[in-house]
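Trainee: The primary structure of each chain is shown beneath.
2 protein chains.
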Amino acid sequence: MDVKTVCLGMLDDGEASGYDLKKHFESTFAHFFAAGYGSIYPALSSLAEAGLVDCEEIPQEGKPDRKVYRITDAGHQHLLDALKQPAPSHKVRSEFLATMCFAHLMTPEQIETVLESRVKDIDRYMSMFHEFETTGMEEWPGGMRFVCGFGKAMTEAMRKYIEENKHMLTQQTAASRSAAG
Amino acid sequence: MDVKTVCLGMLDDGEASGYDLKKHFESTFAHFFAAGYGSIYPALSSLAEAGLVDCEEIPQEGKPDRKVYRITDAGHQHLLDALKQPAPSHKVRSEFLATMCFAHLMTPEQIETVLESRVKDIDRYMSMFHEFETTGMEEWPGGMRFVCGFGKAMTEAMRKYIEENKHMLTQQTAASRSAAG
DNA sequence: GACTTTATATATCGGAGTGATAGTATGCAT
DNA sequence: ATGCATACTATCACTCCGATATATAAAGTC
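Residue numbers (my numbering), protein chains in the order written: chain A, 1 to 181; chain B, 1 to 181.
Bear in mind the hints are in silico, worked out from the structure with no lab data behind them.
You can take every hint at face value.
A pair holds if it fits inside one copy or across any two, identical chains being indistinguishable in the list.
BS3-like, lysine-lysine: derived pairs with alpha carbons at most 27 Å apart: (1) 84 / 160; (2) 91 / 120; (3) 84 / 120; (4) 22 / 91; (5) 23 / 152; (6) 120 / 23; (7) 152 / 120; (8) 84 / 166; (9) 91 / 160; (10) 152 / 22; (11) 4 / 91; (12) 4 / 152; (13) 23 / 91; (14) 84 / 4; (15) 4 / 22; (16) 166 / 152; (17) 91 / 152; (18) 67 / 4; (19) 67 / 23.
Since the structure is predicted, the reported quantities are computational estimates derived from the model, not experimental observations.
Make the full structure from the sequences, and use the hints.
Mentor: Below is the structure:
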């Protein structure tokens with residue numbers, strides 16, 4: 001399940017341009033599968049070349065031509081095949097946790113700053129989830145609701161853990177020890 | 001905070017070879033910062049070239065020479081600077097959730113298989129965390145304890161969410177509807 | 001005794017993805 | 001009038017991932 005396949009899945013729901021897909025990646029998919037133009041445009045080109053999507057160029061004045069992609073029958077079949085993968089991965093890449101591993105080399109102020117930025121990020125996600133819930137999430141397919149609920153549950157658990165355990169980081173670091181003599 | 005910096009941080013705790021670091025990445029760092037030889041060896045070469053680590057080649061019979069890396073003063077200073085980054089990221093890349101977004105295109109059996117493999121993965125992580133706890137985690141620096149507790153809390157929350165919400169996925173999919181007529 | 005797996009140790013390479021940058025136009029605010 | 005957001009495309013250098021290659025010994029298994 002790479003960017004190509006996710007794009008294909010999004011297009012299975014209706015035609016769209018690369019720009020449209022990017023907005024999708026930034027909203028409902030943001031918390032578990034980010035992708036930028038650098039992956040989306042090459043993905044769409046490659047899908048078109050493989051005949052899994054059709055591309056219609058819609059000329060526009062002033063702006064660049066809008067390229068609208070539509071999934072083909074072969075594309076739909078390819079998607080169905082891709083969904084047969086029995087053990088899809090779930091990976092975390094956290095510079096935050098990597099940094100916290102070395103908390104004993106940081107000052108309490110540095111640690112506090114990092115935690116604050118993490119909590120801000122968490123709050124951004126929480127308001128995003130809240131917005132989903134208040135803008136017709138009930139009509140989404142079950143899978144999408146499951147996925148967003150998953151993100152919300154994880155984000156809440158993260159905030160709770162940080163609040164309840166940050167004392168482990170700020171108490172008695174190497175920096176505070178040397179500062180205190 | 002890239003692989004290079006994490007290697008530097010590990011070496012701040014004592015000299016090690018690329019092979020040693022890999023084992024570290026596979027145990028305590030596995031749940032939030034995976035790295036393979038394809039990232040570790042180039043990282044070490046680059047750190048050595050920049051003078052942030054020293055390399056001592058220890059000849060061995062039969063096996064390839066063991067290259068032991070040791071952090072330099074410049075390297076330690078570089079690490080301290082890297083830890084000043086105020087907003088380190090925390091990213092999830094989940095083919096699992098991406099797949100679940102398209103649950104309406106899957107059979108209940110396919111969905112069940114995917115969930116089972118995820119739960120197995122969760123159990124592997126849980127027994128890993130359990131092993132950490134029973135093998136002298138109390139002596140670890142606060143940061144490492146925080147990070148492992150974080151992983152455990154997230155993993156537990158994940159299992160709980162899946163158990164309580166998987167019904168959202170298996171009920172009434174497109175496949176089950178058409179199978180039922 | 002032969003066979004496979006596991007552990008020790010290095011390293012490279014193709015392909016995938018990231019983040020920054022670039023170009024070009026409209027419209028809206030300050 | 002200058003900057004900023006929105007709409008739309010696209011590329012490029014770099015980093016990272018996963019698989020693969022190479023070589024040997026110990027330990028388990030059939």
